[in-house]
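K.L.:
Quick note on our numbering: the sequence shown kicks off at 171 and runs consecutively.
None of these hints come from the bench; they were simulated from the model. In this text, all values refer to a predicted model and were calculated from it rather than measured experimentally. All the given hints hold, so there is nothing to weed out.
Heads up, simulated BS3-like pairs for lysine-lysine below, C-alpha to C-alpha not over 27 Å straight-line:
#, residue 1, residue 2
1, 344, 518
2, 423, 269
3, 344, 418
4, 418, 518
5, 422, 221
6, 221, 462
7, 221, 418
8, 221, 269
9, 277, 422
10, 277, 423
11, 462, 422
12, 518, 277
13, 423, 221
14, 344, 462
15, 277, 418
16, 422, 518
17, 462, 418
18, 573, 277
19, 462, 340
20, 269, 422
21, 418, 269
22, 462, 423
23, 518, 573
For each label pair, taking beta carbons as the anchor points, the in silico distance ranges come out as:
#, residue 1, residue 2, range
24, 519, 178, 36 to 42 Å
25, 572, 357, 52 to 58 Å
26, 361, 386, 45 to 51 Å
27, 571, 270, 23 to 29 Å
All C-beta atoms in this analysis are idealised placements derived from N, C-alpha and C, irrespective of residue type, glycine included.
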Amino acid sequence: MNRLAIPLQGAQMLFVAFGALVLMPLLTGLDTNVALFTAGFGTLLFQLVTKRQIPIFLASSFAFIAPILYGVQTWGIPSTMGGLMAAGCVYIILASLVKLRGDGFIKRLLPPVVVGPVIIVIGLGLAPVAVNMALGKSGDGSLILVDANQALIISLASLLTTIAVAIFAKGIAKLMPILAGIIVGYGLSLSFGIVDFYPVVNASWFAIPNFVAPEFNWHAIAFMIPVAIAPAVEHIGDILAISNVTGKDYMKKPGLHRTLCGDGVATIAASALGGPPNTTYSEVTGAVTLTKSFDPRIMTWTAITAITLAFVGKLGALMQTIPVPVMGGIMCLLFGSIAAVGLNSLIKNQVDLSEPRNLCIVGVTLVFGIGGMAFGIGSFSLTGISLCGIVAITMNLLLPLPKPATESGNPN
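Assemble the whole structure, with the sequences as input and the hints as a guide.
P.N.:
This is the structure we're talking about:
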């Protein structure tokens, strides 16, 4: 591979990840340029920790969309970033435990009966927000931002395009359904005349990303820590996937402890700068599968490209002009897909919901998480995802396994 080919392939990998990468900060109110910078910086840190052995790219984690939206509305961006740094520390703690005790304990602590319903809660917790935005309203439904009829046309076009590309597209285009949905929805928005280019005109070409320093609030920290459960499990699945693609066992070399630690360090660094938490990107793994580009140096150039684009002020301003219905249409699929991943985890691992123990764990977790149950002692309180995550883990540890499950070796 010549010297020019590696940087070009690196830029191509960023193009594959771009739609998902910028959608997350757009939905949560974070800065898209900061997200670009922290994705690139986080990937470089991951490569440092893992000795640049894995062809993988890290960027904005969708699992944190609901918690970040809640955190920003409740405590503000700085405190939310402090909570996300604590979530990153959970990765490092898990990495240390894997190093000391092997990866078997993760399956015992976080079996599918725990992880499945928590992921479902993360996906469905913001379903009303997605519908409100698809109808041209603000996330809470209090403001009408776009005419309802126009908004419905735009959001459905974005949604249907995303679905069509995900199902019918071939080759590398199949890996970019979100970007395709944004492009079609944005084009319709232009035809309706609802796109305001004033921010782009006034933005400079070169601009320092709007970095935000974290603040540490115990409420935000307690809320965010359990959220790390889902992406930690997702991380293990992504490492197994890229191992299968390249034919190398990254669980052994550099080791799951290093990859988890690298993901944690990347998330801590991103949060320290005001960016969304990082996670390994399945879209990029899919692109690696198609192109057979297994050289980790390609991801180094993907990261460098992301960092470079982060300083283009007009790019960030252009992202901010995307109308609400465009994002709302894609969110209808996105949040449902996250919930479906949790449901698939229960099905694939054959979690028997006719078994009272499993039914109790899943049922209570879903109702507490989606219903917004809150427990509080004095100024300390737990609610939503944080509460249901802790409840699911606690019930799994305390409730006795049924004898048939123990005899058959079923971990649930």
